[in-house]
Amino acid sequence: MNDMTPTREQREAKLEGMGCKRKRVEDIRFTQGRGNYVDDVKLPGMLHGDFVRSPHAHARVKSINSEEALKVPGVLAVITAETLKTVNLAWMPTLAGDVQMVLADGKVLFQNQEVAFVVATDRYAADDGINKVVVEYEALPPLMDPFKAMDPDAPVLREDLAGKTSGAHGPRKHHNHIFEWVVGDKDLTDAAFRNAEVSIKEMISYHRTHPSPLETCQCVCSFDKIKGELSIWGTFQAPHVIRTVVALIAKIPEHKIHVIAPDIGGGFGNKVGAYPGYICAAVASIVTGKPVKWVEDRIENLTATSFARDYHMTTEIAATKEGKVTGLRVHVLADHGAFDACADPSKWPAGFFNIVTGSYDFPTAHLSVDGVYTNKAPGGVAYRCSFRVTEAAYCIERGMDILAQKLGMDPAELRLKNFIKAEQFPYHSALGWEYDSGDYHTAMRKMMEAVDYAGLRKEQVEKRAAFKRGETREIMGLGVSFFTEIVGAGPSKNCDILGIAMFDSCEIRMHPTGAGIARVGSKSQGQGHETTWAQIIATEIGIPADDIMVEEGNTDTAPYGLGTYGSRSTPVAGAAIAMAARKIKAKAQMIAAYKLEVHEGDLEWDIDGFRVKGLPEKSMSMKDICWAAYNSVAPGMEPGLEAVSYYDPPNMTYPFGAYICVMNIDVDTGVYKVRRFYALDDCGTRINPMIIEGQVHGGLTEAFAIAMGQEIRYDDEGNVVTGSFMDFFIPTAVETPHWETDFTVTPSPHHPIGAKGVGESPNVGGVPAFSNAVNDAFSFLGSTHIQMPHDFWRNWRAAKNLGVFAA
Amino acid sequence: MIPGPFSYHRPATVADAIKLLSDLGDDARPLAGGHSLVPMMKLRLATPEHLIDLHGIDGLKGIRRDGANIVIGAMTTQHDLLASSEIAGSLPILHETALLIADPQVRYRGTLGGNVANGDPGNDMPALMLTLGASYRLEGASGVRDIAASEFYQGAYFTALEPGEILTSILIPVPAAGHGHAYEKLKRKVGDYATAAAAVMLTKANGKVATCAIGLTNLSETPLSADAAAKLVIGTSLDDATLKNAAAAASAIMSPAADARGPVEYRKHVGGIMVMRALQRAFAKAA
Ligand SMILES: Cc1cc2nc3c(=O)[nH]c(=O)nc-3n(C[C@H](O)[C@H](O)[C@H](O)COP(=O)(O)OP(=O)(O)OC[C@H]3O[C@@H](n4cnc5c(N)ncnc54)[C@H](O)[C@@H]3O)c2cc1C
Chain A
1 MNDMTPTREQ REAKLEGMGC KRKRVEDIRF TQGRGNYVDD VKLPGMLHGD FVRSPHAHAR
61 VKSINSEEAL KVPGVLAVIT AETLKTVNLA WMPTLAGDVQ MVLADGKVLF QNQEVAFVVA
121 TDRYAADDGI NKVVVEYEAL PPLMDPFKAM DPDAPVLRED LAGKTSGAHG PRKHHNHIFE
181 WVVGDKDLTD AAFRNAEVSI KEMISYHRTH PSPLETCQCV CSFDKIKGEL SIWGTFQAPH
241 VIRTVVALIA KIPEHKIHVI APDIGGGFGN KVGAYPGYIC AAVASIVTGK PVKWVEDRIE
301 NLTATSFARD YHMTTEIAAT KEGKVTGLRV HVLADHGAFD ACADPSKWPA GFFNIVTGSY
361 DFPTAHLSVD GVYTNKAPGG VAYRCSFRVT EAAYCIERGM DILAQKLGMD PAELRLKNFI
421 KAEQFPYHSA LGWEYDSGDY HTAMRKMMEA VDYAGLRKEQ VEKRAAFKRG ETREIMGLGV
481 SFFTEIVGAG PSKNCDILGI AMFDSCEIRM HPTGAGIARV GSKSQGQGHE TTWAQIIATE
541 IGIPADDIMV EEGNTDTAPY GLGTYGSRST PVAGAAIAMA ARKIKAKAQM IAAYKLEVHE
601 GDLEWDIDGF RVKGLPEKSM SMKDICWAAY NSVAPGMEPG LEAVSYYDPP NMTYPFGAYI
661 CVMNIDVDTG VYKVRRFYAL DDCGTRINPM IIEGQVHGGL TEAFAIAMGQ EIRYDDEGNV
721 VTGSFMDFFI PTAVETPHWE TDFTVTPSPH HPIGAKGVGE SPNVGGVPAF SNAVNDAFSF
781 LGSTHIQMPH DFWRNWRAAK NLGVFAA
Chain B
1 MIPGPFSYHR PATVADAIKL LSDLGDDARP LAGGHSLVPM MKLRLATPEH LIDLHGIDGL
61 KGIRRDGANI VIGAMTTQHD LLASSEIAGS LPILHETALL IADPQVRYRG TLGGNVANGD
121 PGNDMPALML TLGASYRLEG ASGVRDIAAS EFYQGAYFTA LEPGEILTSI LIPVPAAGHG
181 HAYEKLKRKV GDYATAAAAV MLTKANGKVA TCAIGLTNLS ETPLSADAAA KLVIGTSLDD
241 ATLKNAAAAA SAIMSPAADA RGPVEYRKHV GGIMVMRALQ RAFAKAA
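Chains A and B supply the protein sequences, listed in that same order. Here my numbering is used: the first residue of the first sequence is 1, the next is one more, and so on. Here my numbering is used: the first residue of the second sequence is 1, the next is one more, and so on.
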């Protein structure tokens, strides 16, 4: 060996494979303004469309007059439901098995609902046109309170469903009822409560909020009449699904539809579904023969495209005096707005809410969910979470704190007492999931040590005494949250979207010089797939990550995949990538054996190539194997080096984490200060620790926003009162707390590289940590549960209701 | 979020601007930093057909001392205020308040003239101007007039500015040396307008409050001068009871709107808290 021969460590480092804090390759273009987003797509002759929207939450549309609008210079067409009916597109199917109006058909059912689509030569003319469309409404009583939706005399919202006693998910009990979903053993659970020594019951609401990505929803549709082909550039988290949906509803052959999702500026679930804007832009392009762009503005995004949460969870826990949980009963009233446009796997009307038993060993549980219609925007998407897992985590983590309070027990101690033990995995939960792996006690204890939990509790005791003596106006809260996620949808046995199994895919093509391209069915919206996917391949096949180009989002070139949401990319697409890489490696081994003139079985893998067992100097690098693949493969072997893998996961993955928030609240103003936030995440094998940290920071910031003020709120008339960033809370760097991150590693036993997904954990685990901190702060004044969001005035109101200002 | 059609004018002198405004009438609006006007236009809540941009006019910008007054040109930005050693030295409360307005991007564009002329109850400068006893110079086709800030505000977005008039400068009497000052602002986040804010200017004699002025932001349709509250603290050393009384007197004149920042009761309550905190901080600072 001469001095120039790289050491094993150097060879390993050169790959920048799994475990490396590789810098994000996509950031070079993003930080220099060279990204290519939908709004950057500018086609010759392109037109612009924009919506006339309803000022009413509930009204009959008496007439729409477009005459004056059509006189506005530049306005070419005004599309209404009547126009859409000629192509059978006035309504569209939703992912949840409901139908949704594309444009108001006889009625409007929420404020800012799409009423007409004005197409013009530029965006200004389109907006001028909007202001000239005259719509005559007859106002109807709005139904805003989900708890009143099933009153006998509640207004009928969905006249199109008249007489339909069952929907996509079974029987309907009322004209505003969508579905009832029941899981678990009712009799056993009832018995657990009958025999309970201690029990709690609380209605825990998770308010309506919105994913609000930086880039709003948008598309450019271009129909080529000669070829009969439709090209769509759009902000799609799941471009292949969009292509299939378009093929099914627009009756254009699927191979003639080209869906391209270019760079996306954040999705968080907002960009999974299909929106009226897409349909209208496509129809407008077909009608005018020109490309048509639709770009949502911020107010439209917040008020009309998919909201998240709005779950009202009546939660009961049964336990022994010693604090061992014996049963869980939850009833959810789910407010879906005017149409059920939830983006869940089709068979799951309430997503994976049945993960609500959380990290605890509940012997029995019973869950029922009722979905109802109200005069609010449709949606119910998974805002940075796997299908209703955030709601479930909030429900159980608040519930456990309430139980601890009732028992007079420390909330951390109660959790430690009830955790599923490491040796119980794989664990079958009372509501039907098989948790793949976990080590909850270790994670919890690590968190408690890291923050000196006992010391913090001691300080809290002192602070409370000082408050009672009138020496301070500040109260202190500790918010413990221990969450179990369920991500990686999902196994074909239980997950599909409109009948398409939720696999994912990867195609790798190695070039002769040892570089290659990987095309993947997922679609990054900022997650950094171009960086991390290459790292998986680097480790698997020994080619530097820098030499692998990752491409996603073009349905003509990428293999069919179900896209990116629900933290599914690493669990599903990540597995497909590893499996495709292993196919490459298997063929590479055959090529190396032939070239080294040994039997395949005599070769062993060594970082970046194969070597002969016992003869380490006899080796062939992967780079050389790539070359050989194109010029000197064994007789009878096909040349080339590429592979495709479609991965149907055997199970979900179950990331978990232990979080704690330390907060002070000034009772006079309700102003809070997050003193400390510590987040320990276990996402199994860690592909890129820097990206994980970034994901955790982002998710915690969103969790902070949601818990502490971010909401979509309506007044009694159905007006959205938080429809812009003035009132919809997006924290800046100034408000955002400092995040401390930590980890343990419990690899997934069934995933090819043991990874579990992390993007959404911080949102799922963060919200209960903040809310528990606020609730914990107020608990010594006699409160059990204060609803989110915990913004300043509501904290003040809580203090006031607890008698803090009584003379 | 797309404004209606308008035409754009960029006069080079105040006289030209005034002429344009009087020729074009109600359909014309002066444009300063545009940070209030342009958002309104994007929502089509304002639809001026003509914008008269004041940026081309030399002499509408700048800060100078004129005897016992500091004169600030209407087009002076909040950033300019922060960068000025004159302001930092003799009007530190103006520096403090400017720093509480939004973020650097907004402050680079937003002007003092636009902020006080707009009549938006959420703007911080108007209440401060009341507290400082400032007056505004208005120029129009019929000449020049000075008006006290306390006479200027008539309702939300409704001021004494006559059609065709431009606010050209703001005149602020230099406060006494050794005065105490504080601007206390409660807001939900950077970039938000005040949930409640209070400005306090006071002087001390023999350890007691000698003079005091209190201004209130976003607690009514117009900025408020809390005169009764200010009177209450004179001659006291701000004991707890006095502070509470002052807060109560200030709350009595507040009539905020309920909005996403909180219900009326909350905003009045924290308005009182802001008054107490501003009084305490100003008192501690006064020599
Ligand atoms: C995100 C954001 C946050 C903000 N937060 C705050 C805050 O917390 N506190 C605060 O005080 N301000 C705040 N502002 C307002 C900002 O600081 C500006 O002061 C304000 O927009 C007005 O100044 P402008 O120069 O932008 O005026 P413009 O928007 O150009 O004009 C405002 C109005 O005044 C009229 N006008 C302007 N100049 C004159 C003049 N010389 N004579 C006659 N009429 C005139 C215009 O015709 C218009 O009607 C915020 C703005 C933004 C965008």
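Treat the hints as calculated values from the structure; they're not laboratory data. A virtual CB, placed ideally from N, CA and C, is assigned to each residue, including glycine. Please note: incorrect hints may appear among the correct ones.
[Unchecked claim] Partial pick of chain A residues on the chain B-facing surface, computed with a CB cut under 8 Å: (1) Asn131; (2) Glu717; (3) Val721; (4) Val734; (5) Phe792; (6) Trp793.
Right, here's what the structure says about each hint:
no.: 1; hint: Asn131; in the structure: holds (7 Å)
no.: 2; hint: Glu717; in the structure: violated (15 Å)
no.: 3; hint: Val721; in the structure: holds (6 Å)
no.: 4; hint: Val734; in the structure: holds (5 Å)
no.: 5; hint: Phe792; in the structure: holds (7 Å)
no.: 6; hint: Trp793; in the structure: holds (3 Å)
Figure legend: structure checked against the earlier numbered hints; the only hint not met is number 2.
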